[in-house]
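*Asks:* Respectively, the protein sequence lines represent chains L and Z. So the first sequence is numbered by my numbering: it starts at 1 and just counts up by one. So the second sequence is numbered by my numbering: it starts at 548 and just counts up by one.
Just so you know, the hints here were simulated from the structure itself, not pulled from any lab data. Hints should not be assumed to be uniformly reliable.
As the list claims (entries may be wrong) - Straight-line distance between alpha carbons at most 20 angstroms, and here's what the computed PhoX-like set of lysine-lysine pairs gives: (1) Z:K679 / L:K350; (2) Z:K584 / L:K164; (3) L:K73 / L:K39; (4) L:K73 / L:K399; (5) L:K350 / L:K227; (6) L:K227 / L:K473; (7) L:K164 / L:K129; (8) L:K165 / L:K129; (9) L:K476 / L:K81; (10) L:K346 / Z:K679; (11) L:K165 / Z:K584; (12) L:K150 / L:K165.
Claimed, not checked - Chain L side only, calculated, beta carbon under 10 angstroms to chain Z, not exhaustive: (13) F11; (14) T176; (15) S178; (16) I182; (17) P190; (18) N292; (19) T298; (20) M301; (21) M368; (22) L370; (23) D530; (24) G536.
Said to hold, decoys possible - Ranges of calculated distance between the beta carbons of each label pair, as one might list FRET restraints: (25) L:A323 / Z:V819: 42 to 52 angstroms; (26) L:E359 / Z:R585: 17 to 27 angstroms; (27) L:E359 / Z:S859: 44 to 54 angstroms; (28) Z:V819 / L:E413: 45 to 55 angstroms; (29) Z:S555 / L:S130: 37 to 47 angstroms; (30) L:L370 / Z:D804: 39 to 49 angstroms.
Note that this is a predicted model, so its numbers are computed, not measured. All C-beta atoms, glycine included, are put in the ideal place defined by N, C-alpha and C.
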Amino acid sequence: MNKVKELISTFDCEYVQDYKKIWIKAKLNSKDDLLHVAKALKEEGLKSISTVSPTDFIADGIMEMNYFFEDLKNKRNLWLKVDLERDEEKCVIESITPLFASASWHEREAYSMFGVRFLNHPDLRDIIKSEDFKDKYPFRKDFDWLEHEKDTLGNMQQIVNSFKKEQGENEVDLDTDSSETILNWGPTHPASGPIRLRVHCDGEEIISVDPDIGYVWRALEHLVTQKDFIGSIVAVERLCFMDNINSMVGYAMAVEEIAGVEITPFAAWMRTLLGEVARVSSHFMGLGMFFNNMGLHTLAMWNMDTREFFLDFLESYSGARIATAAVEPGGVRYGLDMAMFDELQKALDKFDATIGEVEAVFVNNPTMKLRADDVGVLSEEEAYKFGLSGIVARASGVKTDIRIDEPYAAYGELDLEYITQKTGSAKDRFIMIFQDLKQSIDIIKQSKAHIEKSVEAGEMNPTKDHMVKVPKKLPKGEAISRVEWARGEVLMHLVTEEKAKTPYRLKLRAPSFNHTMMLDYLLKGQTLSDIPLIFGSLYICQGDLDR
Amino acid sequence: MSNIIFSSFVFPGLLYVLVWTVGLFWFFRKFMAALHKRVGPSFNGKGGSYQTLFDLSKLLTKESITPEGVNPYLFSIMPLLAVIFAMLPSAFIPWSDGVVVVDSTYGLLALVVLIGIEPFLLFLTGFGSNNKYSFLGGIRILTQSISMETSFLLASLSPAILFSTMNLTTIVEQSSWFSFLVLIPGFVIYFIALLGLLEQPPFNIPDAEQEIVYGFYTEYSGTNYFMLQLAMFAEFMAVFAGAATLFLGAYKGVFFDSYFFFFMKMMLIAIVMMTMRAATPRITLNHMLNFSWKYMVPLALVNIAWVLLAKSLWFMGV
Numbered sequence: 001m002n003k004v005k006e007l008i009s010t011f012d013c014e015y016v017q018d019y020k021k022i023w024i025k026a027k028l029n030s031k032d033d034l035l036h037v038a039k040a041l042k043e044e045g046l047k048s049i050s051t052v053s054p055t056d057f058i059a060d061g062i063m064e065m066n067y068f069f070e071d072l073k074n075k076r077n078l079w080l081k082v083d084l085e086r087d088e089e090k091c092v093i094e095s096i097t098p099l100f101a102s103a104s105w106h107e108r109e110a111y112s113m114f115g116v117r118f119l120n121h122p123d124l125r126d127i128i129k130s131e132d133f134k135d136k137y138p139f140r141k142d143f144d145w146l147e148h149e150k151d152t153l154g155n156m157q158q159i160v161n162s163f164k165k166e167q168g169e170n171e172v173d174l175d176t177d178s179s180e181t182i183l184n185w186g187p188t189h190p191a192s193g194p195i196r197l198r199v200h201c202d203g204e205e206i207i208s209v210d211p212d213i214g215y216v217w218r219a220l221e222h223l224v225t226q227k228d229f230i231g232s233i234v235a236v237e238r239l240c241f242m243d244n245i246n247s248m249v250g251y252a253m254a255v256e257e258i259a260g261v262e263i264t265p266f267a268a269w270m271r272t273l274l275g276e277v278a279r280v281s282s283h284f285m286g287l288g289m290f291f292n293n294m295g296l297h298t299l300a301m302w303n304m305d306t307r308e309f310f311l312d313f314l315e316s317y318s319g320a321r322i323a324t325a326a327v328e329p330g331g332v333r334y335g336l337d338m339a340m341f342d343e344l345q346k347a348l349d350k351f352d353a354t355i356g357e358v359e360a361v362f363v364n365n366p367t368m369k370l371r372a373d374d375v376g377v378l379s380e381e382e383a384y385k386f387g388l389s390g391i392v393a394r395a396s397g398v399k400t401d402i403r404i405d406e407p408y409a410a411y412g413e414l415d416l417e418y419i420t421q422k423t424g425s426a427k428d429r430f431i432m433i434f435q436d437l438k439q440s441i442d443i444i445k446q447s448k449a450h451i452e453k454s455v456e457a458g459e460m461n462p463t464k465d466h467m468v469k470v471p472k473k474l475p476k477g478e479a480i481s482r483v484e485w486a487r488g489e490v491l492m493h494l495v496t497e498e499k500a501k502t503p504y505r506l507k508l509r510a511p512s513f514n515h516t517m518m519l520d521y522l523l524k525g526q527t528l529s530d531i532p533l534i535f536g537s538l539y540i541c542q543g544d545l546d547r
Numbered sequence: 548m549s550n551i552i553f554s555s556f557v558f559p560g561l562l563y564v565l566v567w568t569v570g571l572f573w574f575f576r577k578f579m580a581a582l583h584k585r586v587g588p589s590f591n592g593k594g595g596s597y598q599t600l601f602d603l604s605k606l607l608t609k610e611s612i613t614p615e616g617v618n619p620y621l622f623s624i625m626p627l628l629a630v631i632f633a634m635l636p637s638a639f640i641p642w643s644d645g646v647v648v649v650d651s652t653y654g655l656l657a658l659v660v661l662i663g664i665e666p667f668l669l670f671l672t673g674f675g676s677n678n679k680y681s682f683l684g685g686i687r688i689l690t691q692s693i694s695m696e697t698s699f700l701l702a703s704l705s706p707a708i709l710f711s712t713m714n715l716t717t718i719v720e721q722s723s724w725f726s727f728l729v730l731i732p733g734f735v736i737y738f739i740a741l742l743g744l745l746e747q748p749p750f751n752i753p754d755a756e757q758e759i760v761y762g763f764y765t766e767y768s769g770t771n772y773f774m775l776q777l778a779m780f781a782e783f784m785a786v787f788a789g790a791a792t793l794f795l796g797a798y799k800g801v802f803f804d805s806y807f808f809f810f811m812k813m814m815l816i817a818i819v820m821m822t823m824r825a826a827t828p829r830i831t832l833n834h835m836l837n838f839s840w841k842y843m844v845p846l847a848l849v850n851i852a853w854v855l856l857a858k859s860l861w862f863m864g865v
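Starting from the given sequences, assemble the full structure and let the hints guide the process.
*Replies:* This is the structure in structure tokens:
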């Protein structure tokens, strides 16, 4: 930590300060230093960049850039800020993509949404936003959404025209004597979900893959600024329906930090418990999806069978099975009726009764091993380089798990260990999800036992302790929070104004964005059959990909 | 004359194939549902037994869309040809004692050739669809059928060598428990090659929906799609019946000989095929080619040698 601090202090900084346990927050005075800092950080060992996030301070005429550098190995992180002029002409900064490959799409996103231009970026095209936003920057505070939406038909026509233009031209440059072609893998494809991969292939062999994302872009980051702090949770949980609890936990933590509120131990344990239930329900889908993509639907069906029991518990607690809105700033939304734990016990019993056959038939499946053992291999070094997190990073042997690195909720009091695999192949990622699932069940059992014990001893009151008051108006401030989501690291950067009733800016950094970036890298030279396999093994959800 | 009409339209002709398709489709759905821990169709009729009938009649009444830029005649005639060629083999099958439409000396040859033509017709459906996915599916089915048919042919030759005849009726008459044991390796190879020919998991590569949408089926809808489905189930019947006739003694039963045993043997193969479908992911084209040419074909040749040896030891008289 100190080394990073010393290193950053050698540059011209407005301030350098400690932030949380494993973060250092610093602000550069000049944007010209950025590249030198980035280079020095990379040499020091902060090899990953989590995200690049501009904040538009329209009143001051400033576009503040936030860079989140991470050292996945030694758990030293740096939050680096630098101011740019907000004016579209002058909103320019050096790209760090040549140094940090993982910044590529994040810089493209900043370019598309805020109009920040990055010099020397190898591929600065629009991403996520649809073609009717061409040359418009929707997340700038002075962007008029109503004005834009007035001409709905015109916008649609623009999208159609540009698609037709692309379809008309995309094969013009190809060699007519070869069997090269451009395939659209998605967005209406049995295995793709709402994403389109432009697959340039020669017969069955893939030459390159260019993902086209944004089909479920809901502009969540903009949406939350239109709602109050509690209303925002329904936008945040829609990051992805499969694991909604943990994203709400992350958001609630950021709000609590700005408000200066401590939650009760009961609420912390409930967040842990609910979060793991959501993780289990997500992992069940992920495991099933992996085999679905190889044309075998049995595992998904079996998993659905068990998953229903876990959703039953969520339903008895919150009234909803999928979008629960069960966590809000200040604690958890509802008190707990201890009888609800019977529902959870049923789910755990069902899990224990059925997991053995899943392991026997699918985890040890020889045909799966034949196909997935040596494709999509990501080494440990590549995981650092491309800023991978969660399941994907751990499958490559990287010891990263935010539940342990930077404990939140009640994870600090739990008995937890890093689970990793060795080679980082598609098979390892599948097995990693399975091991993680088992670990989550273990955490659920631990937290359930703890809550039951504490309630019995009278230390917790499950009907009253669930909430502490959070003021409706928040002071000016900013905070970041990180949670280990089902798919990896979710980083939220929340900015508020004085007497704020709504978030001024909320950056949602979601893991699928980085993982989708890997598709081209992993699929080059493979065959068409490997697309669904590798796609499934990266555990991508389009919800958090597009936001 | 009435005989010919009966055999072409009732048994073992059109009506029989339709009933078989509806019945087997329903059975597949229910059996698969049980393996998936689902219920399967359950609303229409007892155990959802009308569901397939409704589905198929719905397909018949839907619009058949012919995509732009294809030859409409080629596009629409291929499904029809596929059905006809898939139904033809049943004329050569001895369904029960003395019940065979064409009792030919070359029955086995007809069976193998007619089954072998089918993938080529499906390739043409993909070729004629003017769609990248269909075309890829067509190429894949051609690749697969060329590799799998070699071992399929070699495996189906083993009973012919053993009994020195290509007449299916004679093969059935001469089969016994002992000959069944001798032919077990051949049967296993036939069964695996059958999975490849019928595009069943783990060899469902040509219509791998996660990779190439629906392969050669992609552009087909309505009546044409119904025809292709019918062709697929008729093909199931031909290949299952071929296996039952060549290796399992067709209609020969435990206490009495009857069509009932023939049907049971076909269902047995169907059940094994379905169970594999529920437990095995798809392999890739490369794996399939490797498997076929490196293992299946050599093993099929070894099997021929084994059958020749067995013949010289125990079957010289026949």
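*Asks:* Hints first: check each against the structure and report whether it holds.
*Replies:* Against the structure, the hints come out as follows:
no. : hint                                : in the structure
1   : Z:K679 / L:K350                     : violated (45 angstroms)
2   : Z:K584 / L:K164                     : violated (44 angstroms)
3   : L:K73 / L:K39                       : holds (18 angstroms)
4   : L:K73 / L:K399                      : holds (7 angstroms)
5   : L:K350 / L:K227                     : violated (40 angstroms)
6   : L:K227 / L:K473                     : holds (13 angstroms)
7   : L:K164 / L:K129                     : holds (17 angstroms)
8   : L:K165 / L:K129                     : holds (18 angstroms)
9   : L:K476 / L:K81                      : holds (17 angstroms)
10  : L:K346 / Z:K679                     : violated (49 angstroms)
11  : L:K165 / Z:K584                     : violated (47 angstroms)
12  : L:K150 / L:K165                     : violated (24 angstroms)
13  : F11                                 : violated (50 angstroms)
14  : T176                                : violated (15 angstroms)
15  : S178                                : violated (14 angstroms)
16  : I182                                : holds (9 angstroms)
17  : P190                                : holds (4 angstroms)
18  : N292                                : holds (7 angstroms)
19  : T298                                : holds (5 angstroms)
20  : M301                                : holds (4 angstroms)
21  : M368                                : holds (5 angstroms)
22  : L370                                : holds (7 angstroms)
23  : D530                                : holds (7 angstroms)
24  : G536                                : holds (8 angstroms)
25  : L:A323 / Z:V819: 42 to 52 angstroms : holds (43 angstroms)
26  : L:E359 / Z:R585: 17 to 27 angstroms : holds (21 angstroms)
27  : L:E359 / Z:S859: 44 to 54 angstroms : holds (49 angstroms)
28  : Z:V819 / L:E413: 45 to 55 angstroms : holds (52 angstroms)
29  : Z:S555 / L:S130: 37 to 47 angstroms : violated (57 angstroms)
30  : L:L370 / Z:D804: 39 to 49 angstroms : holds (43 angstroms)
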